[in-house]
Amino acid sequence: MSNLMIALEITALGMGLVFAAIILLWWIMVLLTWITAEKESTAPPLSPPRLGEMQGGDNARVAALAVAFALAQQEMENAHPLSDPPTALVSAWQLGMRTQQLYQKGERLNRQPRKIG
Amino acid sequence: MSNLMIALEITALGMGLVFAAIILLWWIMVLLTWITAEKESTAPPLSPPRLGEMQGGDNARVAALAVAFALAQQEMENAHPLSDPPTALVSAWQLGMRTQQLYQKGERLNRQPRKIG
Amino acid sequence: MSNLMIALEITALGMGLVFAAIILLWWIMVLLTWITAEKESTAPPLSPPRLGEMQGGDNARVAALAVAFALAQQEMENAHPLSDPPTALVSAWQLGMRTQQLYQKGERLNRQPRKIG
Amino acid sequence: MDLASLLPELLKGILHFTWGNALMITTALALMYLAVAKEIEPVLLLPIGFGCLLANIPMGGMTAAEGMMGVLYDAGISTELFPLLIFVGVGAMIDFSPLLAQPKMALLGAAGQFGIFGTLILAIAIGFPLNQAASIGVIGAIDGPTSIFVAAKLAPELLAPIAVAAYSYMSLIPIIQPPLMKLLTTKKERMIRMDYMPKPISQKALIAFPMIVTLVIGLLIPEATPLISMLMLGNLLKVSGVVERLSKAAQNEIINIATLFLGLTIGATMSAAGFLNLATIQILGLGLLAFGLDTVAGLLFGKLMSVLSGHRINPLIGAAGISAFPMAGRLAAKVANDEDFDNFILMHAMGANTAGQLGSVM
Amino acid sequence: MDLASLLPELLKGILHFTWGNALMITTALALMYLAVAKEIEPVLLLPIGFGCLLANIPMGGMTAAEGMMGVLYDAGISTELFPLLIFVGVGAMIDFSPLLAQPKMALLGAAGQFGIFGTLILAIAIGFPLNQAASIGVIGAIDGPTSIFVAAKLAPELLAPIAVAAYSYMSLIPIIQPPLMKLLTTKKERMIRMDYMPKPISQKALIAFPMIVTLVIGLLIPEATPLISMLMLGNLLKVSGVVERLSKAAQNEIINIATLFLGLTIGATMSAAGFLNLATIQILGLGLLAFGLDTVAGLLFGKLMSVLSGHRINPLIGAAGISAFPMAGRLAAKVANDEDFDNFILMHAMGANTAGQLGSVM
Amino acid sequence: MDLASLLPELLKGILHFTWGNALMITTALALMYLAVAKEIEPVLLLPIGFGCLLANIPMGGMTAAEGMMGVLYDAGISTELFPLLIFVGVGAMIDFSPLLAQPKMALLGAAGQFGIFGTLILAIAIGFPLNQAASIGVIGAIDGPTSIFVAAKLAPELLAPIAVAAYSYMSLIPIIQPPLMKLLTTKKERMIRMDYMPKPISQKALIAFPMIVTLVIGLLIPEATPLISMLMLGNLLKVSGVVERLSKAAQNEIINIATLFLGLTIGATMSAAGFLNLATIQILGLGLLAFGLDTVAGLLFGKLMSVLSGHRINPLIGAAGISAFPMAGRLAAKVANDEDFDNFILMHAMGANTAGQLGSVM
Ligand code: NA
Ligand code: NA
Ligand code: NA
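Protein chains in written order, with our numbering: chain A, 1 to 117; chain B, 1 to 117; chain C, 1 to 117; chain D, 1 to 362; chain E, 1 to 362; chain F, 1 to 362.
Bound conformation, chain A alone (with noise of 0.2 Å):
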């Protein structure tokens, strides 16, 4: 049986192997996601919001708030490749993008104290 019979062989059993365990896997998640779906909120200090609640507290918080936001956005001026890349999609994904960015920033902020402690 020659080589390329072979190759192809794997190749029919191996994505075939893959396809199975990908759908499998999107069940799963699927599955995952509605289980736990009744508790959602997840990890609110990640998020935005708790930006806003801060910016309420005393002074010294906001001013690490002030700090951690001028280096937040410092990083986004150095970071090279900071404008959408050369493969860039359609707005959605910026969106998208952004979204994260935010998430980003807001994990910064909650973290530094780990970071300094």
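For the record, the hints were derived by calculation from the structure and aren't laboratory data. Mixed in with the good hints there might be a few duds.
Claimed, not checked - Pairs of lysine-lysine, DSS-like flavour, derived with a Cα cap of 30 Å: (1) D:K12 / F:K248; (2) D:K204 / E:K38; (3) E:K204 / E:K104; (4) E:K182 / E:K303; (5) D:K248 / E:K248; (6) F:K12 / E:K104; (7) D:K38 / F:K248; (8) E:K248 / D:K153; (9) E:K204 / F:K38; (10) F:K248 / D:K248; (11) D:K104 / D:K188.
Said to hold, decoys possible - Short, incomplete list of chain D residues facing chain A, as computed with Cβ under 10 Å: (12) L29; (13) Y33; (14) L34; (15) A205.
Quick reminder that beta carbons are idealized off the backbone N, C-alpha and C, glycines included.
Once you have looked at the hints, place chains B, C, D, E and F with the ligands on chain A.
Chains B, C, D, E and F with the ligands alone, transformed into the frame defined by chain A:
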């Protein structure tokens, strides 16, 4: 000679040795602290007083302080098991706890520079 | 041939080689700097000017600056052997020293974001 | 001994210098130039380039078995430790919530497979033995560590060219993809706006996900366990939120050191003697092809999904399905617009390892 | 070869899956649940649980001798490097000044010994050979790294159950101790307020302490040298104040990486084949007992001191004497209220190693 | 077995204690005192001192072949990994722009050679074999890692005394140099003010420099490749500006851990048995001499340049040419006033390795 007898002998010897070592250690510590007692004043930079002293500094430093404090506090809040642990003992110990927390805050403040440098 | 003779030969050869390499290196450096001389202005973000330029930024950034500066200064103070070392040379060198310190402060300022991100 | 006998000793460096070395050093400088000037995968191409430089300095001894590079190779490449540690770090940087929010996107990960198997078949057609062909095919996984992991396992003799192909092409995606995108999709299709409103994912789901995936994939495709499990371990450290220290260690110390050493040692395998041969050129060719196939397959797959979804899916995301996940060294900001890519490493690694497994079976 | 011959190959993962694997995987998930949901020693139980998961995925190869876990085991467990590095980090986090301020508290460290030796005797009575019995007894040291260090030295075959017992019970202290405390002390005793006014300790004393302890203990109990000396090294790096860099490295990079790898490799030894047997159950039982004995002994010791001091000492601190020192991963904040625990590691390590020594002698 | 037979077992630590141990422990405490109280190279003298302490605790087992120190020695000293990793970190901290701004200063680096070769000749005269003499001569390089690297390669049996000499004298420079400076230069000469107005160096030059140097030196003096290339790699990581992560890892994790382990393992080789002998005393003497020679040669060289330049160069900078580059552990601030020193490591390493090479050739 049965294993059990050996075990008992080990226990006798082992614990004797440990007690001996511990008592020796006790004396050493007493001696050590007594000898070095003259020159007191351990690393003042680490102790809260510094804070006060520093507040006198220029605004920039005060800002730095403010932030460090905000972060320190935030950490205290985020720190998961910050409330007294189930085994928390009488208030005398909580006092000790707070002392050390202050100590740590102080430490954090003057670690800052190293961290950034 | 005695060991000592060999040693002397090694010395002759070794030092000859080192001097040759050093002189070669010297030329290379001259050449290198001469070739790249056209495009001057390296990494402006690293140089003190940036500070000024940045002060113009929003308050948050100024706050960040303030802190970074405070810390930078504090470090300068804490840094144990910051006074000129016993081998410190004439003021011309101290000038160079300060230049580099400024350079470092600048660096520290714009490293900041990376550090936090 | 006199001077006459010493001179050749002193000049042995130059005397052993070959044209091959010169060529490879030029390659090394080129790689470093791409890394520094064009910022193409600098965290990997810079060390690889430098390692390649070292490998072509005659008698330097750095790349000898007992030299530093040899020591690192035995410590981290033969043991597959470096790529796996990189995966731990990458896992700690990935955010799976976008995938969990829209599970059907997982299908896009399958597109990457066409590149792998297409290349595999071609490699065999050209005459590579199965183990080598499989390793070459994995270039189509468009995922450096995976390629290195599989190559180190199945065909270490091809490690250098495969690694170079994987990383340099991975960085060429911005150049390779756009024309194919324009060619294969209509302006109307590219204009499709997808509503991005994922339902919130609970912390529980995010924490359970890496455990379940490790378990399921591990049982289905044992050979995929190492890569998947380390990726998921890193992710678990991050999402669990209770081991901040370990998560940070994975995202910094561990991945940075592993990446630096990985790059150096891979580059150090690029000695003129071992690298300059037909196989290398073939592999570079096949690698490029693999990337092309991936993109085309991804786009067609995207179009299919677009049609099936009644044009509510933008086919361009099909191309995203095949693309590389964010390399360790990229700035966090860059990760942001990779969110749709993040989701597919899993499948890449799976595909890669399935091919690897089957290849090794025979 | 045809499909018929390939299928078993493809499904070999599932075909090799045993009930034992299923049970151990459940254990692994349980450990990870405790770590994440209950935050019980997460820095160790999470990696241990994940390692256990890997160890029970058939054919995964991660826990094979040449797999990643095998490589890490040879690198850090056989060499005892990981526990020792963890000690360096722990030492750099400990503050000995409270102990130096009230040296008599050192006596409380002795209480921990009762647990060690009581368990040792029982283990022998049950029929364990001396080396194993000693290793089991050291669970009574209530100190993970010490237990692992001694077990790796005297009875590596019991490493997994001992490590699991040490860490899981260590984390059960909050559940084990309070009832015993209420049982063995009167309300009046528990109410005793101790005046906490230590005299200031000079920097000199703090710096001299680790050096002297290393020297004295090293000469008295050579077998205790490794643990004590690394603990004291870490402490010296911290208190000396002149090597901030090294102290930070010990408190972060070194301990974090060592902890992660230690947990993974320990967990990876929990394969169904090696873990599911009578010995494990006996060890878990003995370990629990050791903890109970420790607490009781500590409390009685505390009562004794309380009486001798004319009721100016709260007997509850006796229970503190036996307890675990702050694990590397705990947040700095948590360390604060452990200050009274910090002081006793020294004795634990000593007791542990004395037992280990004598056991190994015969 | 009864108590009578156990006692010697229990006291074996004390029974094996020798006067040599006592003497070495005193040395260890002295080294740690210098490190902590006088802040003399603390990052190295503290670990070295502690390692020395461990090496002289009888039966402690830390410094046995299978002990932690033995393990680290095999991992990092025999493989020369630790000194090389330190060089990567040092390179990432060096700023070559001052040297590039005034290339003629490179000549000053040559001064360091006189110390190396002068010592080499003397060592041979005293009767050391060539390989040992070369290693001793390299103390004149006034550069710890270089000395350790060469000694580990040519004469590992002398590693301990050479390392101790290199680091302790390196830290005595502030005491050794000033008197010689006053002696050899006139007040007028010392007052010469040099105009420090370097032309701006382009980023391009800074990035190209490490690549070119690695290549040129590597071809001219292959034996210098390891040290030079790692130094330049670190510098490239820093100046390239595109691999912040790797640069930081080199400046922190990598160099800190390597420094700590290097110090400990070097110290651990200072056992009374191996250290207390005539050779050690001779080496310490020769080392001191090497430093003196370096300084004198540097100053005379400086005077020569001063004259040739028409007294526009301050001869004192000649002394700078021979001096140690900033050790890894120094605070960044300290580095600032070392800028003139930074520039010369390159030559030191070259000189060191040339000597090493020639020595090893015969
Ligand atoms: Na892919
Ligand atoms: Na204990
Ligand atoms: Na020198």
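The hints, checked one at a time:
Restraint check: the Cα-Cα separation between K12 (chain D) and K248 (chain F) comes to about 36 Å, which exceeds 30 Å; the hinted pair is violated. Proposed proximity of K204 (chain D) and K38 (chain E) is supported: the alpha carbons are some 13 Å apart, at most 30 Å. With a C-alpha separation of about 20 Å, the suggested pairing of K204 (chain E) with K104 (chain E) holds against the 30 Å cut-off. Taking the CA atoms of K182 (chain E) and K303 (chain E), the gap is near 13 Å; set against the 30 Å cutoff, the hint holds.
Between the alpha carbons of K248 (chain D) and K248 (chain E) the distance comes to roughly 14 Å, so the proposed pair stays at or under 30 Å and holds. The straight-line distance between the Cα atoms of K12 (chain F) and K104 (chain E) is roughly 28 Å, inside the 30 Å bound, and the hint therefore holds. Distance restraint check for K38 (chain D) and K248 (chain F): the Cα-Cα separation of roughly 21 Å lies within the 30 Å cut-off, and the hinted pair is therefore satisfied. Between K248 (chain E) and K153 (chain D) the alpha-carbon distance is near 37 Å, which puts this suggested pair outside the 30 Å criterion.
For the hint pairing K204 (chain E) with K38 (chain F), the CA-to-CA distance comes to about 13 Å; that is within 30 Å, so the pair holds. As the CA atoms of K248 (chain F) and K248 (chain D) are separated by approximately 14 Å, the hinted pair is consistent with the 30 Å bound. Among the hinted pairs, K104 (chain D) with K188 (chain D) is consistent with the structure: their alpha-carbon atoms are about 23 Å apart, no more than 30 Å. Interface hint status for L29 (chain D): violated, as the beta-carbon distance to the closest one in chain A is roughly 21 Å, over 10 Å.
For Y33 (chain D), the shortest C-beta to C-beta distance to chain A is roughly 16 Å, which exceeds 10 Å, and the interface hint is violated. The beta carbon of L34 (chain D) comes no nearer than 14 Å to any beta carbon in chain A, farther than 10 Å, and the hint placing it at the interface is violated. Given hint, A205 (chain D) at the interface with chain A, holds; its Cβ is 4 Å from that chain's nearest Cβ, closer than 10 Å.
The structure fails to meet hints 1, 8, 12, 13 and 14 from the earlier list, while all remaining hints are met.
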